[in-house]
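Peer 1: Protein chains in written order, with this note's numbering: chain G, 1 to 283; chain X, 1 to 796; chain U, 1 to 148; chain P, 1 to 159.
Among these hints, one or two may not hold up.
[To be verified] Across the chosen pairs, the derived CB separations fall in these ranges:
hint	chain 1	residue 1	chain 2	residue 2	range
1	G	Glu-262	X	Glu-136	27 to 35 angstroms
2	P	Gly-84	X	Leu-536	27 to 35 angstroms
3	X	Leu-536	G	Glu-261	56 to 64 angstroms
[Unchecked claim] One side of the interface only, derived from the structure: several residues of chain P facing chain G at Cβ under 10 angstroms:
hint	residue
4	Lys-61
5	Gly-72
6	Gln-76
7	Leu-87
Please keep in mind that the hints were generated in silico from the structure rather than gathered at the bench. From the three backbone atoms N, C-alpha and C, an ideal C-beta is built for every residue, glycine too.
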Amino acid sequence: MIPTAFEYRKAGSVAEALTLLQEGGPEAKLLAGGHSLIPMMKQRLAEPGLLIDIGGLDELRGIQETDGEIAIGAAMTHAEIAASDLLRAQAPIVAETAANIGDAQVRNRGTIGGSLAHADPGADLPAVMVALDATIALLGPNGERKVQAEDFFQDILTVDLGEDEIVTGVCFQACRSAAYAKLEQRASKFALVGVAAALSLDGGTCSSARVAVTGASSHAQRLSGVEGALAGASLPDGAASAAAGAGEALDFVNEDLHGSEEYRRAMTAVFTRRAIEAAAGRG
Amino acid sequence: MTIADGPALPKLIGERVKRREDPRLIQGQATYVDDIKLPGMLHLAFKRSDIAHGVIKSIDTSAAAEMEGVELVITGAELAEHLGPMPIGTPFPAPDHFSVATDKVRYVGEPVAVVVAEDRYLARDAADAIEVEYEELPAVVDPEVAMEPGSATLHEGFERNIAVESYWGGTGVNPETAQPEDDSAVDAAFEEADVLVTQRMLNQRLAPNAMEPRGVVAQYETGREYLTVWSATQNPHILRTLVAAMMGLGEHQVRAVAPEVGGGFGCKINIYGEEYVAAALSRLAGAPVKWIEDRTEAFLTTTHGRDLLGYIDLAAKSDGTITGLKARIIADIGAYEVLLTAMIPTLTGLMMNGVYRLPVVRHELTEVFTNKTPTDAYRGAGRPEGLYFLERAVDMLARELDMDPAEIRRKNFVPADEFPFATQSGLVYDSGNYEPCLDKALEVADWQGMLAERDAARAEGRIVGVGLSFYVEVCGLGPSAVVPTGGWEHSGVTVERGGKVTATTGASPHGQGNETTFAQMLADHFSIPLEDITILHGDTSVVKQGIGTFGSRSQAVGGAALISAAGKAGDKMKQFAAALMTDQEVSPEDLVFEDGRIQVEGAPEVSKTFAEVADFAYVPVPLPPGMEPGVSEESFFEPENNTYPFGCHISMVEIDRETGEPRLLKMVAVDDCGNVINPLIVDGQVHGGLAQGIGQAMFEEVVYDEDGQPVTASFMDYVMPRAADLPAFELDNTVTPTPVNPLGAKGVGEAGTIGSTPCVVNAAVDALAPFGVTHIEMPLRPERLWRLIQENGGQS
Amino acid sequence: MEIKGEQEFNGGRELLYELLLDPDVLASALPGVERFEEVAPDRYESTMRVGIASVRGTYTGRVEVLEQSPPESYRLRIEGSGKPGGIRADAVVDLSESGGGTTMHYRADVKARGTIARLGGRLLGGVARLLIGQFFKSIEQQVDDRAA
Amino acid sequence: MSEPVPITINVNGRKRSAMVEARLLLVHFLRESLNLTGTHVGCDTSQCGACTVLIDGHSAKSCTVFAVQADGAEVQTIEGLADGGELHPLQDGFWEEHGLQCGYCTPGMIMSAVNLLENNPAPSEAEIREGISGNLCRCTGYQHIVNAIQHAAERMAQS
């Protein structure tokens, strides 16, 4: 319940945060909403020596659309994302997924940047970002770097983010025909299995698709077999056969009290189909 | 004086009166233990074992002791010089159990050392800095394995880890010898049966999870040689008795206070090591100390409930008449016996008669130590387990015989004209009338409509089932012959100057609303406004005596004590009133309380106001002959018997064919708790009980790994019902008063927890019956249900 | 929890066997080693700063090598404990020749205690896999270096 | 020991300044430093919601926020909800509908409901149940809580 002691600095700007990160070295961690980090600190599973508060920095805020590309600032909360009319209209999968993360209080504090950087294997948004082929914008001492979401998520709690870098935002192409479906662990509300599907539809036919899973494995990742099977498939009828092998294709599957490997593999197929059907229903 | 123009006072008993507790609670003005601050108060933190079984080789407290702000660090062995083994409240043999482990640890979370520091952050840091070295021993987590010869044992002198063994059977127990009567009838019943049901079932381990964790503040005043202990407890008087004994003090030197208590559900009955340690360390440190449990500690060290394995056999005729029951129960009681541990599973067998005429019963009980947190009462305490086993078995019998689950129960009910009814286990059910309750439940739920709805859903390919259960339970625990701590309750009623009333009760509430129901009773009794009454509880310096709140006894025993004391106070008021009305030659026996007055029955013009009489009682000039001034009366109520409320629960469950996720679509509860004082509060009690019973059926389970490591020690993994997991409950009731107390009230705190659990599992089994499923272990984990569907190829 | 897997290496199994039990190699390949000492033959003690991202802590560990049967197999008993609890692993390692290289099969029974067991359950498998992967990557590097 | 950090938080309309240890959780600042003990702690993993307060008008679990993070913010707790002597409609609703028993989860539950009705003044039963899913209650089975929030929503709609 009680974290270990740490030094605290409030950054007045992203630039200042970067300087503080460099000075702080490996013991320094960024704090925005804190809803990934603080629970770990309270259990003393995380004991950072320095917290750099970047909560509420204007530079990291905002949701904008430019020529069909939507950009979300890292410090936007899940609640703000869920309430965004822009997202509801142009990328409803993002608003809907955000609206179902944790609970109202968590959504009011937790940020998209924090969620992506922490990369909890049960977090929802990473799968959505991979499916949308989102670009994650990072800022470091050497300037800005952009990483595709599918490359950003590397392993459990592990992302392509230097210790001296900050996630500043994420951007992706507007996409209506995309949906996320999850099997929720009822207590923690993490995804036991969550699948995001983003489809390019031509009438009832899927011309191409990106499908990503979270919860089932160490990190959010594409289901390329499913994507291949979807290309040219007629939907929604073809969803089931395209999804059928989704779970078996995973090379590593999480296991715990709430779901064995076998169950999660099976549920990956089920929720892949459900996500595809829901996405197709939007087309 | 003649009649005043006071308003007529409505009768409040039976009314949905808003709670008087609420204004402080909804404004954040209530005082729970953690809200108490005393000057100079220090804070405790416990270093706890993170292994399930081992010998303590060494404890290095030096780093902790050197930290700034740390006053004291003490190990279990050092503390044992100040605190002996903890007392228990049952007559069973028990191993020594120290507040803080002295040489060996036997479950994860058992304390090994304590820190006293200036604030709780420092205390936590210091506890973390204590280094403990163990020689690890094999842990035993399965009670059936624990009983095998050669298994690791927890306690010397308890071979095969067996704490308690009991057996009774045949046609009853011979009260002379306490031996079973001729047992051969049981075997005969099973040999002659047309149909047998046999099933191994687990009533899984649960964490009570009162939302307020435990906590204690202790202040030992050296100069006065007086100890005050504030604790989140259900029974401050028992706390006073036991903490006094542990501290070598008399009860006159100890004040125990249960301030606002944030739920108990049985887990705050036990008097815990932390309470003794706080008292002892306050004396040692010369300062008040506080300890507040965090949720992880609560999962590890606050008593768990249930964890009974049952091997259940039922014999019946082909027409559905039950002819015999055999139950072999193995209770996994965890690492130690605490206050009532060993007694709880005995209630299971006692109540396994249920609502049925069972010609013969055989009951075997074995209580077994394992390397887990000790068990004790959890809402229902032994009865939910027994009723679950029985009501599941009866449901299986109905399925076997293709009978309607309602009709098989009706066929075996104890008939209304057989009450009081003596069961095979030696209990005497006070009153009961089961058929009208069943009929009402079937009607409220629209049972036939539900069956049609289920069949229609199945035709659509959905997996839907309906379930029914009928329970009877034992409440209002008393008399003293059956309750180790005393089966009575105490109350005091004082009529103050000005005609206001202060009453005290030993039934120490923690959410039950006694301040309201008890005030309703007194308002009606004295015919005075509710606002003129204060109910005090929870402080042994204010409430002279008491037992506490558990076993749904507040109303049936505590309420009865209150009415008894009120009766005495009322009699005295009438005597003073008669003395005031000397000119009218009134006899106290002719007087009644009516609308704020004491008047001659049928003659309101001959009266005095309640306030006038009260004022006179304190300045009685002249003092009526033979009387003492003042009106302050008390009563100890000892019930002649327990009460036996009952009810029928009906539910509908749907299971997702692809994921196995269950959803409770409908929950109907028709309960009979005798006379009702406040239906609003009774509804709330039933709702809460239902949620916990449903929680057991669907979600909750304390799980340990094979090494005794708990893997559900937080709200992240221990699944409890949230608002969206539950449907709106449909309630109704029947009223069969009890003859054993003057209120006719039976108790309702645990009812919901007892009927709902088998009801929901019965519905889930019904849902999966087309897949050939006859039993499902709780909780209804999605994966477990998914596997049952898969085993049948996913097709029904 | 059981963790098992296999890993291919370029070098021969004698070389691999030797490397895998060389304290210097172990010290450099194990994650976050701050101290690594041989306290008795085939028994080592170490201090490691282990973790992933912000979930990181200092653990003191003991490694014991048992049942050595060069160059085929051995057993490792590993214990680590830190503030959030501890890990104990009993691992059997088998080396077999395959083509020009060596295939290593490992099977470990991993037991956790404390906060790690209580709250880390859902992460444990993934974290173990990641750390084992890092270890092998380092060994692989050293095999390649030696071979080169 | 880390350097104390100066903070100023507007709590229930009053400016409160203090030097705090960086690791001090907001809930402990409210309870221990300001004596606002109506906000409770029920778990240590951010699940139960007993510690819910409003930060700049939005519900938050004050056990998962450092006091330093609330520097400059407006925080409202259960103690600041009633308007003078008049109960907030939600407080009134909880009282009228018996939306509480032991009362421990109640302040957090009410503060969550404030947030819910702010965003959705006329929620359906399902939306209410979903809206309070960040708050655990062990006593009521939630039904009377749902009624209480409906009661408040109706009253707030009238006024």
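Peer 1: Confirm or reject each hint.
Peer 2: Do the hints match the structure? See the list:
1. Glu-262/G / Glu-136/X: 27 to 35 angstroms: For Glu-136/X against Glu-262/G, whose Cβ atoms are near 32 angstroms apart, the range 27 to 35 angstroms holds.
2. Gly-84/P / Leu-536/X: 27 to 35 angstroms: holds, 29 angstroms
3. Leu-536/X / Glu-261/G: 56 to 64 angstroms: For Leu-536/X and Glu-261/G the Cβ distance comes to about 58 angstroms; the hint holds.
4. Lys-61: holds, 5 angstroms
5. Gly-72: holds, 9 angstroms
6. Gln-76: violated, 13 angstroms
7. Leu-87: Violated, because the Cβ-Cβ distance from Leu-87/P to chain G comes to roughly 23 angstroms (cut-off 10 angstroms).
Consistency note: the structure conflicts with the earlier hints numbered 6 and 7.
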